[in-house]
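**Q** Residues per chain are reported as follows:
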Amino acid sequence: MLSSRLPPEIARGIRDVSPILLGIIPFGLVSGVAAIEAGLTPVQAMGLSVFVFAGTSQLAVIDLLAQNAALSVTLLTGVVINLRMLMYSASIAPSLQSIHGYWKAISAYILTDQSYALAVARYADSDLTAYERLQYYFIVALALWIVWQITTIIGILVGAQVPDAWGLGFAVPLVFLAILVPAITSQPKLAAAIVGGTVAVGGEVLSLPYNLGLIVGGLAGVAAGLSTERILNKRTTGQNDVD
Amino acid sequence: MSTEYGPIAIWSVILSLGILTYTIRASFVTLFGLIDDVPPEITNALRYVPPAVLAALTVPAFLSPTGSVEIIGNERVFAGIAATAAAWYFDDVTATIVVGMCILWIIRFGL
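Taken in sequence, the protein lines are chains A and B. Numbered per numbering that gives the first Met the number 0, the first sequence spans residues 0 to 242. Numbered per numbering that gives the first Met the number 0, the second sequence spans residues 0 to 110.
Hints in this document: simulated from the structure, not taken from any laboratory. For glycine and all other residues, C-beta sits at the position ideal for the given N, C-alpha and C. Warning: the hint list may mix true and false statements.
Computed spacing ranges between beta-carbons, pair by pair [as the list claims (entries may be wrong)]: (1) I18(B) <-> K233(A): 31 to 37 Å; (2) E3(B) <-> I153(A): 38 to 44 Å; (3) T65(B) <-> P6(A): 20 to 26 Å.
Some chain A residues judged to face chain B by a derived CB distance under 7 Å, without partners named [said to hold, decoys possible]: (4) P25; (5) G38; (6) P41; (7) G46; (8) F50; (9) A53; (10) A69; (11) L70; (12) S88; (13) L173; (14) A177; (15) V180; (16) P181; (17) A199; (18) V200; (19) E203.
To be clear about the criterion: a stretch of chain B counts as covered by chain A if any three or more of its residues have a C-beta under 8 Å from a C-beta of chain A, and this derived list gives those stretches [said to hold, decoys possible]: (20) 4-14; (21) 47-55; (22) 59-73; (23) 82-92; (24) 96-107.
Hey, can you work out the whole structure from these sequences and the hints?
**A** Below you can see the structure in the form of structure tokens.
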């Protein structure tokens, strides 16, 4: 068996990440297809996956470039979507503290939702050495990186073959939807989504310039989530957790 | 829809987003010890960024693809409703894409 010859944490990482790799295949394919549909060159499409390597923000940028939104709004949206990784970085930092700077720099580059989630779960349920923690994190994050790049390439090749009439660009809002629906796990999050979506549509109808409706909608949605949380907390005094 | 931006504009977005995203990822891994944690108010607000921003990206794409709200004759609304049901029921990206694209194609090519 392959797994018996590998260091245990590497074998364990491969085992844990495998089902997740299957799950990111369609996402990676869409990011390649959609970039070509949006008029990016294959090299630009690949550049997004290599330099940014964060699916949701890549798709948002592709979507906004296709709509010829203002470049500042496009960039800002991508950055805001990726801000969540501040939390991952802060949370995983103590576990990767004692490793060498060079490995730390690469570890940061391949940090994603999935590699963060798996590593934190693994570190919580067993007592690993710093080296084992790095092995586990690294193999998980690297496997995700490799599958992401390969599926982007396949998506680019497919996107170049499929006629525009098929409307494959529509897969982008469908992917957003597939991430959005399971992310609504509480009433404040539902409020954030409803207000965010409604304000963004309002921005379109009022033809706010530069796709500003998106930014305003995002801010209004976060505000709605926070105030709903506050109202619910007030109603159930003593019970803080609404998540 | 296809972008009218030239290569310099597109590359500047790709590289700027790449640099900023790397900065976000590396922030605490590198600076650990200087700042210890994200302030709780910010962590709390960040939890609402995905639902708010994803909805702000998604809802107009289904409801007002051309800039005004259209329900009748808008194939994307029907595909979007079916895909929302699929996302909720299956909790799976592939199933959501397949259902949404199939409804779009049925309306566009099949009726």
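**Q** Which hints, by number, does the structure contradict?
**A** Violated hints (numbers, rising): 1, 2, 3, 6, 10; every other hint is consistent with the structure.
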